[in-house]
Each structure stands twice: as structure tokens, then as C-alpha cells.
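Visitor: If you're matching them up, the sequences are chains A and B in order. For the first sequence, the residue numbers in my numbering are -8 to 844. For the second sequence, the residue numbers in my numbering are 47 to 628.
It is worth saying that the hints were derived from the structure and are not from the lab. As the structure is a prediction and not an experimental result, all values here were calculated from the model. Mixed in with the good hints there might be a few duds.
What the hints assert, rightly or not - Cross-link-like lysine-lysine pairs, in silico, DSSO-like; alpha carbons within 27 Å at most: (1) B:K252 with A:K497; (2) B:K161 with B:K255; (3) B:K255 with A:K131; (4) B:K439 with A:K777.
Listed below are the residues making up each chain.
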Amino acid sequence: MSAMITAEWCPVGKDNFYRKFDIYQMNWDLKFDNVCVVAAQYGGPVAVIEDRKKHNAAQGLSKPTIFIYSASGQIISTILWNSGSIIELGWSSTEELLCVQSDGIVLSYDLFGNYKHSFSMGDEAKERKVIDAKFFNSFKGTGVVVLTSSFHFYLVNNVLEPKLRRITDMISTKEPPSSWCVLSDERKSRILVAQGKSLMLLEEMSTSAQPICADINSTHTEITGIVSSHDNQCVALFTDTGKVWLGSADLRVKYCEVDTRWRSKPDDFVWCGSEAVLVLWNGCSLMLVAKNEEHTTFAINEGMSLCQEMDGVRLLSRYKHEMLQKVPTVTQEVFRINSTEPGSFLLEASRQFQKGSHRSDEYLRLVKDKLKTAVQQCNEAAGYEFSHETQKLLLKAAQFGKSFIESSTENDKFVQMCRTLRVLNAIRDYKVGLPLTLIQFRHLRTGVFLDRLVLRKQYYLAIKIAKFLLIPEEQGESRILALWACNKVGQTHLQDDVVAREIADKLGQAPGISYTEIANKAIDANRSQLALKLMDFEPCAKRQVHLLLRLNEGKAALVKAIDSGNTDLVHIVIQHLKVHMSLSDFLYYIREFPMAQALHLKYCREHNKETWKSIYEQEDDFNSLGACSIREAYEPKNSSTMEMILNSAAEYYKKGKNENYQSLCEEHARLLRQQRAMQEKLNTSNFVGLSVNGTLKKLLLMKEQKLADKLRQEYKIPDRRYYWVKIATLGEQEDWTELERFSKAKKSPIGYEPFVDICLAHGNKKGAELYVSRVCDDMKVRYYVKLNLFAEAAKVAFEQRNSQALSYVQSKCYETHPDISDKIANMTHKLIRSSTQWVFALKEHKRHKMNNV
Amino acid sequence: MSSHLSGGRLNVAALHDYARKELIDMFDGGAKTIVWDEGLIGPVSLIAPYNLLKEHEVNQMFSLSEGSISSAASRKIIFLTRALPKMMDSIAEHVHSEEQKNHRREYQIIFVPRKTTLCETRLKNRGVYGNVKGAIHEWACDFFPLENDVISMEQPLAFKELLIDEDPTCIYSAAQGLSTLQDVFGPIGKVSCQGKAAKHVFDLLKRIKLEKGAPEKMTGIDHLVILDRSIDLLSPVATQLTYEGLIDELIGINHTKITLPSEKFNNGEDPGKKTIILNSSEDLFSDIRDKNFSAVGDALRKRAKTIAAEYEARHGQTMQQMRQFVARLPQMNLIKQSLAVHTTIAEMIKEITDSFPFMDSLLVEQEFMNGIDTDKIHPFIEDQIGQQVDIIKVLRLICIQSITNSGLKQKVLDYYKKEIIHVYGFEHILSLTHLEKAGLIRVQQSARPFTVLRKTLRLVVQDGSESNPTDMSYVHSVYAPLTTRLVQHLIYKPGGWRAIQDVLNSLPGPTVMEEPFCDIQTLDSSKVVVVFFVGGCTMAEISALRFLVQQEEAPVELVVATTAIINGNNFTRNLMEVLNQK
């Protein structure tokens, strides 16, 4: 078996093998001599077009057709070309077919031949025509470079976000380049150009052409081929003398130079991995030149096309799809004849074990110490195989070896490899046609790889694989379902209802599903009704609202925004509606939504007072209008018209049947008027703005008793309040005689406590004593204490038979008047004996009142 | 409470650390200057105090309203702001003036808790959006931890915005904040709500769950109770009589800090302000904060005695005992210090609470609660107006009368209004409108729900002991807050809210009764309950809830969440709109 496997290996120098093996048997009906075949990297699809270079004039007139096949040769779609003439075809890293036209337009199509988008390579390309173009992998995605008939290069680093860059001119712009390629590193893209035998590096316009030399030992006059390796680290040149030169990308290091003995320009010239190049002269020879100067030729007898991959080259021909790659080191270690690597022995041990032979043990003994390495080798080698038989062989060996060691990491790796292989085998199936190698699979990352399945509409398989690989739902199943839904909404022949329901049924409320994305696709497909239906399923209010606004469904958006409770969203919708509706319609509309209206009112209050009022007017909200007017009246600019505005406020309150406020406003307007009059009359300036009480007090202070009485009458100032004001003013003026007279004029409605208090407040203790006897009984003790008349206080308390009051007095005079304190102690004693308790304190008093109720 | 709960199943510190990390992660390396929206300085300091910011190379701080930031040494300027249009204007001014001075700056704006399109548009219109584009971040910190059982959104204006402006932005923030709580602490098992705003928060919470999915944890918050402030307007205006409540009412607590004139602590400090942090890290404070003030004196005395006894113990001891004594010295000194501080504070408060104006007013308040003289013009209120005492005091009394009377007669209400306008001036007219709109004062309707509520919920308890309480009514001496009574019924009474369905029906807004929300495993041993007040709660309410869980047998761990800590003064003041011609 090993022998059979190694039989396919082709030695290139010592310890260096390349192998060529079949991936698919192809069923396509293609004649390779007159077609141009372009395959996408990573086992991607294949585009085929009749080769214009090989066409004769008569045929060239008809419009060409582009066929798109899967890597396994299944036809996917056809594009009937009826646009400009095609200069170059290529595939983007997202598997879109890119076509460069001679007028510099780059068009892209999906796998199914649907037009996606296009961009132009600039005016010069349009006017002077493009004569050559190349696609390349840039640091940003897929790039494209065109060469115009005036020998200028234009470059775009990412076809998805085309930003056109003019490349600096070649040293001579008179003659065309004999060959060129793009070198792209992590930051920039440069072009390596050969003009005749001279080489130069071109960058963006800012720098001039930079001539460089390659150390070529030949008498060539022209370099007819340049190609860079997949990783952009190496470059290969082909000269018109038939020499192949391999070196580093900066041409400083030369790896080797090999004479191919073919002088004609090769039909295809690509790197195979990063250690060898393949040179193809169609139908004649396929030569492999390795860095170590070794080379070998494969016999071919039919036309073929090459596709450079990161770890090899795929060869497409009439009946076969093959892979040519350097035999991976681990595979060599395991399978190489006479290999002494542990993996090799383990494989043999496993084989013998299956035969039931005791020799198994012998082999196993040989690797006893290195069993772990052996298992690793077999396990890893299995990954590099396309043949199921070989995979099984190696996995069995790994499993066999693994059972003699205890290592959970080996177990995990083994399980991981089984899973990976299961996935790889599933997608390599010709129905799917995605022949990825292990290295490519690992390089792509699972997300991208699932996207590729989705692009091929292999939704079911993608979900199965996502689940199988235990990818989190959001990145796996949910995302794939969402993409499925996006595709579904593009199927315009289905009815909106049906599509919406189908999508909702499948997707439900799976975590991470964005119905917005799907709805956006629906809008793109001109199905706004469907989009609306889908948006009902979107749980994220923000997305919902923004999309509805995009559809100009402001009203629906308002409902959703309000439901979300997010006031900011409501504001966004309000602003949108205001722009898209007439003001009156808008105001009429939002009245159905109290929350929106309230927010709008708040906004208007700060930004647009006029609208603010007009909303209240529309609503007949007279109370609010009144309030607006009052605020307006207080604005500094309106100080002279305040009365008028207050009257209009009163008018509003009248309409709103709020008589109290109406009269308050009118009253204040009247007060203002009167205050002005007083100011004039009394020749002072401080009346305006005072309250009724303030005015009254001021008049009393100015001894304008008559005016004060008039005011008192007009504003129906109650007696109680009048007394408070009067007492306060007299106190302030320290007019104690007048106060006394006032106290005697008639019985005070607020009692005589305020008289005592005002005297005390102005330090007139003597005056205070005048009134204390007239203080009501409840308060007497308290007021005697206030005046420090403790003996009297005690006397009253005793008369009232109130022991608590007594102890209160005692607590106040305990330190200052020990004699009185002693007396009080005596009284308390007497009281307790008589045992009739009266009430005084807070709680007792309260209960007393309660009993009265 | 059982021992494992005292460690805290709901570890508020986790929320704190989470928010802190989120903030610090937004900072890049290098020296930077923070320019503050002043309204954020207090709340943010709860999570990121200055020394932490300093560690992350915040070298200078300015406030947005300050004149110029050009003295900032660092190139990087961070604006930390709420999403308010006027703040955007200030930011724009700063950026423009820096540009005029040719200072090369790198700007970053951090919105707390989230940015709005309105603000972004504002920045665009002001022509500075380009300067900050790409450096606009959101610090989604909705809840600030105040205490190991209290978290607050520190939005004192929430109630006003909700009821006066009808702007439900705080509802959205609240729902987002609760959703963050779930992320940190695990999903919410079931939800009960009372009131319109409470239901609204819950509805949004359900929506967010649909959008984000529930966090995958087995345990979390067993029961979330959302209460709309509007269902109980009496508690915020009633005078709080717990120690912490009184400190808040009389001195004012801002983000757990109070500021006092330092001469009160005659320990040779410079004259000026002394800032004291009030939280449970101080053993003594956590012991007395929830007590009725009349019991605080005794508690302080008792502590003083023990500490004095401990000091005494230093005489005549063996060497070993001496060593133990010395080891305890630092701790004893701490207790001594804290005793001194609280004795001072308590004296300051006692001076006020012993005064006749305070006692008389309290007496009237308690009469109202008992239903005495609530239906007519009250002479005490009249006299207060006549004496032109602080308008807030007057308004609070009128509100209490209106609420306890289930609304005032039109005549009475109009009379009060007129009196206030006449005495305090016409500029207060809109304040009255707002109080009316918020339901704090209103015209009597035919039904008198408060009388029924008082009876069925036992809102007024006579002769409850203040020093050794058996009922939560001790927090207002006679009145038990309605909100906390509802929580008591929900958690501890048989039948829960179902048993008091009629009561709930008479409260404003819809009711949600223990609706299952997420699947969680409930531990038999304990329950985690979060009570969220939409519109703010008072210290007294928090004390009442703490009292409740300590009192009852069943082990419950309770965390209070609120839009802000409120008291009668700031609650009333925030609803006022005093017009000003200047």
C-alpha cells in the first residue's frame, strides 16, 4: 500500500518529492485549445470563456458566453455577454466573478451569474482603452491593476471599496512592458515590471520608478514572464532565452536559474507552493522547477489550465481535475520507503495488527519511546490525504497507537482530526465541489468557509457542519439561516406573505438573528412590503425604527419607537416626520401619541416657542396656554408688557374654566398696575414685583395706613394675616407704643403669642411681659419659660395641675435657678399625691384632640 | 437573617466593580484631563473617586461651566456628561475656544448613561462633531451603589420629568439599569408592580429580555417589586424621624456625604467645611441610622459607656491582657472618633427637633395622618403662611393635608393658593400647578380612599414604641409608609397581594401580581428581593424595609433600588417652578 502511495510521488532532487493526484473526474465538454479557463483559489468555481486571443475574426464578432462551473465540473450558470469586450476574467476572495472590460469598467457577478456591481478604472482607461489587466490578493482583499494603451498602470486594492490609484510611470512610456506582476505586502501594493531586459518596481505616483536588477546569467533580451508566489515572498522570471530564474521578491536573493530549453513564452507560469514554479506549454510540456535547481517534467498530452493555490497547483483539463503539490513533510515521514520515523513504524504495526500478525508487536516495540510522536504523525498525515482509504489507514494507525498512551491532548487532536476530515470529505463531494486541502481549510477560518457553502446555496450542509463543529449559534446556525432568508427574499416570484411566514417559521427568535439585515435585502429587491412584514419580527427596536424610516414608514416607526420606551428613538422619528410632513399634518398626527407629543412639546419648549404654543392651541389646552403666557410674562424682554400678557393668561384660564387662576392672574395684573401708581404717588421705586403681602408691609412701613387699608380691602386680606403683617412691621420699626395700641384695638385673631414673640425677636423683653398674661392658657407655661419667668411658669403649671409641664419648667431652670427648681420639686410631689393628671405633652395633647373629634 | 445571606447573595460590590471597569476601560493610556458635567461629579465619585482617576492618569479636572480649560496640561480632554443639550453647548464652547487659542487637543466624550441623537445633532449644529467623532462613548451606568443594600440612579428629577414633563426617559434608563442588574446578579424570577410607571418599567424590561435574552444563570433575583412613587405621595412629604432621615431633611445628604461647618468639631481644624461620609462601613452609624431619633441618644450613651469601660480596663492587668488592649486601641480610637462625630450631629438635630416650630408642625402633621381637621382651612397652616415661614414647609403641610383628606374641597384649595400667592408672590403660581399635576394637592373627589387605606393597611399606628419598635411605623413615629406596608404584605403576609386586592385597586395605576419572568432556581433557604422605587424613596422607607426584614422570621435579603434618595424638601423643591424676571 505504501508502495502504491509513493508510486505517485515524483522526486525532485534529494529528499524532495512532489505528487500529482486526481481530485475529480471531469464531465465537462470543453475543448481546451480555444477557451480561457479561470479558476478561483481555495477550490473555487471555474469560469470559462472562448479565448479571444485564439478566436479568428469571424467568430469574434459574436457575443461570447461565460460558463461558470463548480470545481467538480458541474455547470452552475452561464452569462450571455453583451457588454464591452473582455480583457481579463478573475475571481475575488469572496468568490465573485470579476470582468475587466477594455473601457476600464470592472463588473462583478455572483456564482449564479447575477450582476452585483461595477466600477470604473478611471477616465484614461475609458478613453485610451485597457490592454491588459491582472487581479491579485492585496492586504485589503482582492485588487486589480489595469494597463492602458498609453502604458499607464491604475490600481485598486479592494474591488469591494474601489479607490483608484494611479501608479507611477515606467522608465520609458514609449514601449509596452514585456511582462509584469503585482507584489502586495501588508501595507502597499507595487508592480514589478519588465521592459525588455530591464526590471523596475512601480509604486503610487509619489515615488518614481525604481529600477532593480536580477542576477541572470544569460544573454536574454526580454523577460517574458514574471510571477509572484502566493505569499508574495518569491518571484520567478522567464526570459526569452528559456531561462527560469527564481529569487526573493526584492530580487536580491537568487535561488536558482534553470534552462528549460523552451524559448517560446509559456502558456502558464505559476508558483507551486513557495518552493517551486510550474511552467506550462500547452499540449506539450509541464515543467516543475524547484528552488534547489532541480527540475522535472510531467508528461501531458492535452490542453490544461493551472490554478495557483497556497499549497500547490490545481490542474484543470478535459477529463481531469488534479492537484500538484509538494508532498507534506509528515506524509513523507510516514510513507517514505525505508523511513525510520516512528509514524512509519506505527503504520506498519497497525497494519500487521489488522492482519492479526504478531509482528505488530515488534513494530510497536521499535517506537515504544516515541509513540506520541508516532501518533501525531499518523494523525496529521491523515489530514493531507484526499483518498478516503488512505485517511482511514492513517487514522486507524493513530487510533491503534493512541491506545497505548495516556494523553488527553492526543485524544483531542484525534477527535478534532476526525471531525475536520468528515467536514472536508463532505465538501469535497462532487455535488458540493469544494476541494479544500487541510492547509487551505485551516487558513480560511470556519466563518469564511461556511460563507462559501452559503454562496453555493448549500444552506442545509452549512448548518449541519456548523452544528457538527460546535460553532456558537450566533455565528453558525443563526447566521446561515439569516443568509438563507436574505436569499429567500430575493426570490421575487414568491408572494410576500409566503416568504415572510416561511422565514419566520424557520428563524423564529433564534439568538443573534437580525431581521433588519433580511429586510434590508428585501428593500434592495424592491420588496418594501415584505420588508415591513419582516420587521415585525425584529426584536431590536433601534434597528426596527431605522429601517422603517429608511422605508419612509415614519408612522409605523413612531409606533415602534414608542413601544420601545427609548425616548431618543422617538425623537429621531419625530425629527424625521417633521421633515417629511407639513407642520399641520405632523401636529395633527402626533396627537394620537401622547408620549410623542409630550416629548415634542418638551423639545419645542427649548427650541421653538411658537410651535409649542400652537400645539396647546390645537389641543384647546387652555391651562397650559395660560402657563405659557405666565412664563412669557416673566421674560425680561416683556417687563413693560407684563400686565397685558397676564391678562391674556387670565383669558386663557377663563376659557379653560379655571376661575381661580383667572382671578389670580387678573389680580396680579391689577396689583402691578396699582404698584406702578403707588410708586408714582409715593415717589419710590420698589413696589413693582412685590407680593400682596410685601406691598402691604411696605405701605405699613411707610406708614401709609390708608393705602394699606384700601389694599387690605381690595385683596380681601384676612384678619389673621393682616395681624401677622402688622405685628411684624411694628416690630421691625420697634414702635412699641403703637404695638400696644394695636393689641388693645380689638381682640387679636391670632392670639397674643405673636406679640410676645415679636418683642423677644427685637430684644424687647419688657414689652413682651406686657402681653404674656394674655397668652392662651395652653401656651402660658411655654411663654413664661420663654421669658425666663420660671416661678410664674411653675405657678401656672401647678394651677393647671400639669405635672409634665412642671417637669418641663424644671428642666429649663434646673441649672440657672436651683431655688425655683426645688420649689417645683415640691409642687410635683403635691400633684402626684393628688394623682389627678392633666395633659400637656405632644402625644397627650393629640389624644385629647382625637377624643374631641 | 441566616448567616450565608449576611455575606450578601446580591453583592452590590459586584455592580460597583462592573461599572468601574467599564469606565476605566474607556480611558486610553497617557495623561488626561476630565471636564465634568457638574451633576455627575457626586454620583461618579461613588464609583470612581478621585484617587482612582488619578491612578489612571487623570491629572486635572474642570467643570463644564467653568470659564476655560486652556490651563489643562494634557493633550487629551475627556468630557464626562449627561445627554443634555445645554451640556453640548458648553462642550462646543470649550472646543471652539481651544481651537481659537491653537491648542492641539484630542477630545473624547463619555455620555452617562447613554448618548442621544438630539445631543449628537446639537454637536453637529455647533460644528464640533468632527472634533469628537469616533471618540464618543457611552458609560451605561444606570445604578450607582450607595450602600450594600441600596442602589440609586441618582436622578432626583425623575419624578418631575415623568409627571410634569411627561418625559419617560427615566423609565427607559430604569429598565436598562434593571437589565444590567440581571447581567451582574442573574435573572429575575418574578415581578410585582403597582402603578403606571412601575408597569411601564416592567413592560420595557420584558422587551429588553426579548431583545437581549435572559442571562444564563441558575440563581439571581427571586422577586422584583416595582413601586411607582405616585401610589404613595404621603411618605415623601411626611417628616422623617429616623436618624438618617432627619440628617437628610435637616442637613441634606448628597451621594452619602454631608457637609458641616468644621467649627462644630472644635478639633483645631481650619474654619470651613468638613465632609463626612455616611455609610455602613462605620459600625456606629450602621447601628443607629435606622433608629427613631428619640432612641439615638440612648444608643450613643450606651456606646460611650462601653468604650469608657474598655479604657478603664487598662488598669491592673497582666502583660497579655495589656497586649490585647493595645491591639484594640486603634479600633477603640476609631469608635471614639465616630462617637464624637455622631454626638455632634445628634446635638445639632436635637436643637431643631426640640424647638417648638418643629414640634408644632409635627403635631399638625400627625393630626392630619390621624384624620383630624383635614377637611378645613387649618389655622396652623394659615399662621405659618402669615409668618411667611419657608414656603417648602408650608407646601409640605398642605400636601399632607390634601393627601390625608383624599383631596381638599375646592374652596379650601383655592384659599390656600390665594394665600400663598399673596404672601410668597405670584412667581409661585406654576409651582402650585405642578404640585397639582403631580397629585400632591388636588380637589376632593367623592371617594375617600385614604381613610380606607389607613385602616386596611394600618398606616397609622398609635403608641408604637419609638425606642423599641415592633412596627415599621416608628420611622415617622405614627405613620408607616404605604409603600413599605405593601412590601410587607407581598412578602410576609399570607396570600400576598391577592389578600389585599381591594386595597390595590383603590391605588392609582395597574397592578402586576407576582408574574413569572425568568426561569430561576429558588433556594429554600433564602430569597433575594429587590424593591425598586420609580420616582425616588426616602431614607425612612429604606429604614422601614430594613426593619421589616430584621423583624420577620423568613430569611429575605432585600436590596432597595431607586431613581434617587428623596426627602420632603428636595422632593417638593424639584416640583416647583419659581418664575424669575432677572
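Visitor: Any hints from earlier that this structure breaks? Give me their numbers in increasing order, please.
Guide: Per hint list: single violation, 3.
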